[in-house]
Structures are given as structure tokens and as C-alpha cells.
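*Asks:* Sequence:
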Amino acid sequence: MTRSTKAERAQQLNAARGLLQRHVALPEAVQRLSREFDLSERQAYRYLEEASQLDRPVEVTEPTVPITLKLPPSTVERLRKYARSSGLTIGAIVTGALNAFLGALKKHG
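For what it's worth, this note's numbering labels the leading residue of the sequence shown as 1, then goes sequentially.
Be careful, since some hints might not be right.
Straight-line alpha carbon distances no greater than 27 Å define the calculated DSS-like cross-link-like pairs of lysine-lysine that follow [to be verified]:
(1) LYS6 <-> LYS107
(2) LYS81 <-> LYS70
(3) LYS70 <-> LYS106
Cβ-Cβ distance ranges computed for the label pairs, FRET-style [claimed, not checked]:
(4) GLU36 <-> LEU79: 48 to 54 Å
(5) LYS106 <-> TYR82: 47 to 53 Å
(6) ARG3 <-> GLY103: 30 to 36 Å
Note that these hints are calculated values from the structure, not bench results. A virtual CB, placed ideally from N, CA and C, is assigned to each residue, including glycine.
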């Protein structure tokens, strides 16, 4: 059986959280998750255990695609420094910056 992607895992946790919030009995919740996501009962139970500790739904992220960029060393140094200080990944920083830039282009173009 293949590992779930981050997006699939988020969906499964959110489904488990929803079942718990609706007070579905644990055995029934295990069965529902198992059927809906083609999980073993053990996996479904683990998702329910983890979901019981969540304060809010898990954000479902869009899948990512690796790309290669050529940047000046000074830019890379600043990017890495910002990533360390902010706790964000370089991918998250670049995604946010590109989305802001492309959004601004759309408004002005």
C-alpha cells in the first residue's frame, strides 16, 4: 500500500475529525473511514486518534511540483536567512512571493 500524500492525509484527518464532532461511535467511525479512504481499520483508528487532538481542521494543501531556479548567491543567502528566522520553508516563501507578484501583474495588466 502506498503512502498518502499530504493532501490525502489532511482530507483523512478532516474526515476523522468530522466523524468525532458528530459523535459517531468509534467502531462505526473506524468502519466509515476504512471504507471511504480504503484504509485498514488500524490506519483508520490512528487517524481518529490523531484527529481527536486537533483544535481545527487541517489545511488541505495543493500538491507541489519540483522546479530548478538559478538565483544570485546573495538572493539565496537572504532567502535561506528569512526561511530560518520565519520558520517557513523556502518553497512556501517562493510560492507566496510568486503568487503576490502574479496577482499584482494581473491587476495592472
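*Asks:* How does the Cβ-Cβ distance of ARG3 and GLY103 compare with 30 to 36 Å: does it lie in that range?
*Replies:* holds, 33 Å
*Asks:* Given the hinted pair LYS6 and LYS107, is their alpha-carbon gap at most 27 Å?
*Replies:* Cα-Cα ~32 Å, so violated.
*Asks:* Between the alpha carbons of LYS81 and LYS70, is the straight-line distance 27 Å or under?
*Replies:* holds, 18 Å
*Asks:* Are LYS70 and LYS106 close enough, with their CA atoms no more than 27 Å apart?
*Replies:* Holds, at about 25 Å.
*Asks:* Is 48 to 54 Å a correct range for the gap between the Cβ atoms of GLU36 and LEU79?
*Replies:* Check failed, 40 Å falls outside 48 to 54 Å.
*Asks:* Can you let me know if the beta-carbon spacing of LYS106 and TYR82 is within 47 to 53 Å?
*Replies:* violated, 25 Å
Hint compliance for this structure: hints 1, 4 and 5 are broken, all remaining hints hold.
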